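Could you put the whole structure together from the sequences, leaning on the hints where they help?
Listed in order, the protein sequences are those of chains P and E.
Residue numbers 0 to 221, in numbering that gives the first Met the number 0, belong to the letters of the first sequence in order.
Residue numbers 0 to 207, in numbering that gives the first Met the number 0, belong to the letters of the second sequence in order.
Please keep in mind that the hints were generated in silico from the structure rather than gathered at the bench.
Warning: the hint list may mix true and false statements.
[Claimed, not checked] A few chain P residues that face chain E, going by a derived Cβ cut-off under 8 Å, partial list only:
#, residue
1, Ala5
2, Arg9
3, Ile13
4, Arg16
5, Ser78
6, Thr83
7, Arg86
These figures come from a predicted structure and were not determined experimentally.
For each residue, glycine too, the CB sits at the ideal point set by N, CA and C.
Below are the chains, spelled out letter by letter.
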Amino acid sequence: MTALSALIRRDIRIALRVGGGALIGVLFFLTVVVLMPFAVGPDLALLSRLGPAILWLGALLASLLTLDRLFMADHEDGSLDLITMSRTPLELACAAKALAHWLAAGLPLIVATPVLGLLLNLDMVATGAVALTLLAGTPALTFTGMIGAALAVTLHRGGLLMAVLVLPLSIPVLIFGVAASQAAITGPLSFGAPFSILCALSLVSLVIGPFAAAASLKHGLD
Amino acid sequence: MNGLVPVKMELAGRGITCVRGGREVFSGLDFEAASGEAVAVVGRNGSGKTSLLRLIAGLLVPAGGTIVLDGGDADMTLPEQCHYLGHRDALKPALSVAENLSFWAEFLGGERCDATDSLATVGLDHATDLPASFLSAGQRRRLSLARLLTVRRPIWLLDEPTTALDAAGQDMFGTLMRDHLARGGMIIAAIHGPLGIDARELRIGGAA
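Quick look at the structure:
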């Protein structure tokens with residue numbers, strides 16, 4: 000446990016330092032959402048109808064933006080070798096790294112959502128619903144994205160491959176995330192069904208992600 | 000510096016074949032090393048010195064042959080009893096010297112000694128709060144050496160360890176290696192120049 004908490008604390012600390020990934024994601028999210036009303040025009044009804052989808056797209060792209068460095072930095076400076084050799088199972092180390100990434104880069108997106116909801120003419124209930132679905136859905140984005148990040152290290156290719164690999168995996172999360180938000184705001188479907196599926200996607204990726212990433216890293220040892 | 004319990008250990012490789020990227024690097028390599036002994040792996044560039052160290056560290060899978068450790072801690076695998084000091088320093092530029100060292104101490108776990116003492120031994124105690132990005136190549140190497148001292152492991156796998164160290168640093172490192180051997184440790188080092196201590200030579204791939 001000491002080893003895992005040390006790993007989580009180190010990754011969060013690096014992300015929060017100058018040049019770390021945490022702020023980049025939030026700034027990207029902010030940029031996308033702030034620019035959207037200018038692009039769509041001053042139609043308030045349209046904005047609030049598009050609001051949940053815009054927030055979800057922004058959050059998805061922002062989390063993908065920082066995810067490709069998840070293992071790359073450790074691979075380049077040799078830390079990954081030592082992590083692989085240590086007594087801590089690689090699966091748990093992968094899970095710890097993903098958790099640290101979510102805490103440093105995913106959680107700030109959810110905190111920023113209520114503020115950005117104002118720009119999209121969403122009321123309190125609507126922003127609350129979007130923030131809740133993001134809270135349930137962003138772990139799935141991080142943990143499936145981790146598989147792509149591990150493959151990107153193994154295959155010695157950069158971010159482009161990562162986007163190609165991860166985007167199909169994140170589409171279900173996007174669909175059910177937006178569906179649950181829309182259901183909470185306009186109906187007529189119930190909020191419960193898509194939200195449950197979203198939670199299920201997160202739980203499944205929580206289990207599968209670390210194993211797939213560790214298997215990929217082990218296979219690609221060189 | 001109090002030491003390890005001196006357990007007699009023997010590391011032996013038999014008929015090891017290493018293939019990387021479809022090319023056979025070396026084949027049928029035999030070696031052995033015992034506790035208290037240093038082995039210097041020599042050979043021309045590309046002969047597979049680093050590959051051999053990574054095979055022992057479990058970071059590469061041998062295409063043939065076996066590597067067996069006799070003695071040592073039965074609860075731990077061979078890689079878990081090794082320190083690997085590679086070309087890359089495993090340091091995070093955003094973290095300070097002390098943070099880098101304490102992370103590895105906590106993550107690697109096991110028997111450890113005081114991080115401040117290790118930093119003083121390698122001559123970095125004046126720079127504990129300095130971000131690692133400001134360190135010179137030699138200082139980075141010294142910080143990596145402090146990791147070997149802070150967390151105790153019986154087997155040291157060193158890949159050209161004296162690179163970037165100044166004369167005083169090489170003397171200091173020679174003392175550290177002699178202490179490690181005296182405590183019953185084992186050193187396998189890939190080198191081009193002199194290692195600084197008496198070592199048995201293991202030549203890979205014919206004459207250099």
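Practice item. Go through the hint on isoleucine 13 (chain P) and say holds or violated, using the shortest Cβ distance to chain E against 8 Å. Key: holds, 5 Å
Review point. Taking the closest Cβ pair, is arginine 86 (chain P) under 8 Å from chain E?
Key: The hint holds - arginine 86 (chain P) has a Cβ within 8 Å of chain E, the shortest such distance being about 5 Å.
Practice item. Let me know if the C-beta of threonine 83 (chain P) comes in closer than 8 Å to any C-beta of chain E, holds or violated. Key: Interface hint status for threonine 83 (chain P): holds (6 Å vs cutoff 8 Å).
Practice item. Would you check whether arginine 16 (chain P) satisfies its interface hint, that is, whether its CB is within less than 8 Å of any CB in chain E? Key: At 4 Å from the nearest chain E Cβ, arginine 16 (chain P) passes the 8 Å test, so the hint holds.
Exercise for review: Double-check alanine 5 (chain P) for me: the hint is only fine if its C-beta lies closer than 8 Å to a C-beta in chain E.
Suggested key: holds, 4 Å
Point to revise | Hint check: 8 Å Cβ-Cβ cutoff, serine 78 (chain P) to chain E | key: For serine 78 (chain P), the interface hint holds, since the closest Cβ of chain E sits about 5 Å away, which is under 8 Å.
Exercise for review: Mind checking the CB of arginine 9 (chain P) against every CB in chain E and telling me if the closest is under 8 Å?
Suggested key: holds, 5 Å
Comparing the model with each numbered hint stated earlier shows that all of them hold.
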